[in-house]
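Colleague: One letter stands for each residue in the lines below.
There are 2 protein chains.
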Amino acid sequence: MASIALLGYGTVGSGVYEILTKNKETISKKTGKDITVKRILDLREFKGTPVENIVVHDINVILEDDDIEVVVEAMGGDEPAYTYAMAALKKGKSYCTSNKVLVANHGPELLKVAKENNCNFLFEASVGGGIPIIRPINHSLTPEEILEIDGILNGTTNYILTRMNKEGLPYSEILKDAQALGFAEKDPTADVEGFDACRKIAILTSLAYGKNVKFEDIHTEGITKISNEDFKYAEAMNKGVKLLARSWREDGKQYAIVAPYMVGEDCPLSFVSGVINAILVKGNMLGDAMFYGSGAGSLPTASAVVSDIVEAVKNKGNHVPVLWEDEVVKVCDHAEIVSNFFVRVSDTVSKDDVKKTFSDVSFCEGVVPSEYAFVASGIKEGDFYEKVKVFDAKQILRVM
Amino acid sequence: MASIALLGYGTVGSGVYEILTKNKETISKKTGKDITVKRILDLREFKGTPVENIVVHDINVILEDDDIEVVVEAMGGDEPAYTYAMAALKKGKSYCTSNKVLVANHGPELLKVAKENNCNFLFEASVGGGIPIIRPINHSLTPEEILEIDGILNGTTNYILTRMNKEGLPYSEILKDAQALGFAEKDPTADVEGFDACRKIAILTSLAYGKNVKFEDIHTEGITKISNEDFKYAEAMNKGVKLLARSWREDGKQYAIVAPYMVGEDCPLSFVSGVINAILVKGNMLGDAMFYGSGAGSLPTASAVVSDIVEAVKNKGNHVPVLWEDEVVKVCDHAEIVSNFFVRVSDTVSKDDVKKTFSDVSFCEGVVPSEYAFVASGIKEGDFYEKVKVFDAKQILRVM
Numbered sequence: 012m013a014s015i016a017l018l019g020y021g022t023v024g025s026g027v028y029e030i031l032t033k034n035k036e037t038i039s040k041k042t043g044k045d046i047t048v049k050r051i052l053d054l055r056e057f058k059g060t061p062v063e064n065i066v067v068h069d070i071n072v073i074l075e076d077d078d079i080e081v082v083v084e085a086m087g088g089d090e091p092a093y094t095y096a097m098a099a100l101k102k103g104k105s106y107c108t109s110n111k112v113l114v115a116n117h118g119p120e121l122l123k124v125a126k127e128n129n130c131n132f133l134f135e136a137s138v139g140g141g142i143p144i145i146r147p148i149n150h151s152l153t154p155e156e157i158l159e160i161d162g163i164l165n166g167t168t169n170y171i172l173t174r175m176n177k178e179g180l181p182y183s184e185i186l187k188d189a190q191a192l193g194f195a196e197k198d199p200t201a202d203v204e205g206f207d208a209c210r211k212i213a214i215l216t217s218l219a220y221g222k223n224v225k226f227e228d229i230h231t232e233g234i235t236k237i238s239n240e241d242f243k244y245a246e247a248m249n250k251g252v253k254l255l256a257r258s259w260r261e262d263g264k265q266y267a268i269v270a271p272y273m274v275g276e277d278c279p280l281s282f283v284s285g286v287i288n289a290i291l292v293k294g295n296m297l298g299d300a301m302f303y304g305s306g307a308g309s310l311p312t313a314s315a316v317v318s319d320i321v322e323a324v325k326n327k328g329n330h331v332p333v334l335w336e337d338e339v340v341k342v343c344d345h346a347e348i349v350s351n352f353f354v355r356v357s358d359t360v361s362k363d364d365v366k367k368t369f370s371d372v373s374f375c376e377g378v379v380p381s382e383y384a385f386v387a388s389g390i391k392e393g394d395f396y397e398k399v400k401v402f403d404a405k406q407i408l409r410v411m
Numbered sequence: 012m013a014s015i016a017l018l019g020y021g022t023v024g025s026g027v028y029e030i031l032t033k034n035k036e037t038i039s040k041k042t043g044k045d046i047t048v049k050r051i052l053d054l055r056e057f058k059g060t061p062v063e064n065i066v067v068h069d070i071n072v073i074l075e076d077d078d079i080e081v082v083v084e085a086m087g088g089d090e091p092a093y094t095y096a097m098a099a100l101k102k103g104k105s106y107c108t109s110n111k112v113l114v115a116n117h118g119p120e121l122l123k124v125a126k127e128n129n130c131n132f133l134f135e136a137s138v139g140g141g142i143p144i145i146r147p148i149n150h151s152l153t154p155e156e157i158l159e160i161d162g163i164l165n166g167t168t169n170y171i172l173t174r175m176n177k178e179g180l181p182y183s184e185i186l187k188d189a190q191a192l193g194f195a196e197k198d199p200t201a202d203v204e205g206f207d208a209c210r211k212i213a214i215l216t217s218l219a220y221g222k223n224v225k226f227e228d229i230h231t232e233g234i235t236k237i238s239n240e241d242f243k244y245a246e247a248m249n250k251g252v253k254l255l256a257r258s259w260r261e262d263g264k265q266y267a268i269v270a271p272y273m274v275g276e277d278c279p280l281s282f283v284s285g286v287i288n289a290i291l292v293k294g295n296m297l298g299d300a301m302f303y304g305s306g307a308g309s310l311p312t313a314s315a316v317v318s319d320i321v322e323a324v325k326n327k328g329n330h331v332p333v334l335w336e337d338e339v340v341k342v343c344d345h346a347e348i349v350s351n352f353f354v355r356v357s358d359t360v361s362k363d364d365v366k367k368t369f370s371d372v373s374f375c376e377g378v379v380p381s382e383y384a385f386v387a388s389g390i391k392e393g394d395f396y397e398k399v400k401v402f403d404a405k406q407i408l409r410v411m
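Chains A and B supply the protein sequences, listed in that same order. Residue numbers for the first sequence, in this note's numbering: 12 to 411. Residue numbers for the second sequence, in this note's numbering: 12 to 411.
If you're looking for bench data, these hints aren't it; they were derived computationally from the structure. Fair warning: there could be bad hints in the mix.
One copy or two, it doesn't matter: identical chains are merged, so the pair holds either way.
Pairs of lysine-lysine, DSS-like flavour, derived with a Cα cap of 30 Å [claimed, not checked]:
(1) K400 to K33
(2) K101 to K325
(3) K293 to K58
(4) K222 to K40
(5) K225 to K33
These numbers come from a predicted model, not from an experiment.
Modelling step: build the complete structure from the supplied sequences, incorporating the hints.
Modeller: Encoded structure:
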């Protein structure tokens, strides 16, 4: 038997408990051991529920219990998660977490401490919810030099964009509805401004290259400025609008960006709708591989956490190496990225001026009255933003 | 340093050599060791190529070399692969293969011998080419009771169907072209009759449930009867036509089938075009997860083989358990499967008779002159085939 403890009994934590209970037999068979939740740390009491007798309020009860071999954290945020993770790992207890903030802030350090203490720091659920992506990158794509990762990594924003596209209603209205339905938080900033996706692409990129990519270095734009007119143009150009989190390497340089893109049907990410997440990985031998599934939700995310618990229990006393060194890889300033830009301008803007300004340009007209749009392709972002100023653009989006 | 041997230096074998050479640095970093190809078994000599000095024609040179810790086979077929695999594993050498015939025929036995000899029998490349799917099922979806697997598991047939749909040309013509372009074999039987997909779904289903599902038990239909008229109806019904390999559990019974299906846009498999493969896995906690990528080709398939080599080298002397018991799970006769059927009949057939015969039926008219189609939903296949006889159907397809 293997005893574990849960830190936090909210959406994901209770999902972990539910899966360990409902799928007990399957999990035991695959682990070779029964897994028992011995303690739950939470501020609440959960009186009258099956867990009331195992709830504790003092982390030390868990840390000092030598019987507990895996600590599972689903609280979120940097502290106290970081302190708990360090303490657990130093005691030789594996630490499984869905907490992307913790992983993005302290991944390499926590992996190092896990290694020193012959245990494991595992975080499959921190990116892409239930989609297996961390383990495939670490253990399946090992022969690949990863050239590029393009992800739809935030379910809330993909849900909002999908509904804006289908229903033609404004962003603010769909957001309110999404909040009412539980698909968006009361304070949606982290999702709609792209910060959540940014942390996730930082984690994936770090694992793909084995070095530390800091999320603070990644240029990040959200979806709050997207309008229904943009979707009309997208449709006219046979494209969709997606919030993409992207990273790639070129000529030894590391690039990364989070921003809304117009995506054509030649890219399989264009078919990813609603709360679904997907990650497209391009390897130099494999070509494209895409991982697709539920990017959020109690049970899908908890499923990924439980897959980590199974791995931790199977590897008791044995650190499974994960390459993510402390050494920081500098992400190039986005001014250096070569992009394609979609620009909406008033129809008083001279097309000849646009043609003179951008070397590779195409036009899209007749979609919205009193304006037109152009796409300027293959231009460095720094140059573009300098040059586009004179046109007083109504909207600027990138095109994949 | 870890020494390995390749059995077979054809498309996949030479791809393995190429990846180990080109991505040497990446692979060494992830493995913690350099991997060297010490011997290649092939009938040919490869004079004047970089491998000429390591080519041998006698398997015993490899089997008796204690230095060689991993044997990699990309020959295909049951024998001599089976004899070689048994011999290598009994010597404690891990065996990595892309050979689905070997895996489908002898999977549980070879896993057992690997366990007894503290080595590994690995076969990521046997299903879905370069797509990581075997390892995710074995090590990521561990918390899940898998409810259903639906796959596009054969690139050749998906390529043919995609082009028939786009170009409106007949099957025979596209097949010829596919053969000329190298996307179909000279003898295309295994692909176009569904036998290849059948072995692959048998392997995936066995791993999903940990017991042995025999491919011979799976009802299998190919794509040779698909006509351009079928695509016209599919378009009218907003669907595509895909060769699906499916398996699922219901009320403790195991079902599986390989057949062409009409697939609607609500299923992400409908977007999978050309030689791409994709596998949709439904878990009871996770919901849907889809794995998508290059299902064939030298380098993608070789990439999956190399991921196995890396795992074998990292786990030298340590058998990583894989649940696939010898015990056979009987697949229900397809007569018991409840399906939806698309049927094309002459317009001389009375619609009233059709309505009287099938309880849940809808019609599709005006697509092809002198005929119409109907969809009979939710009917046991045995009953359906008995009842449909009287209508002298021009075509029968399943609908997802």
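Colleague: Output the numbers, in ascending order, of every earlier hint that fails for this structure.
Modeller: 1, 3
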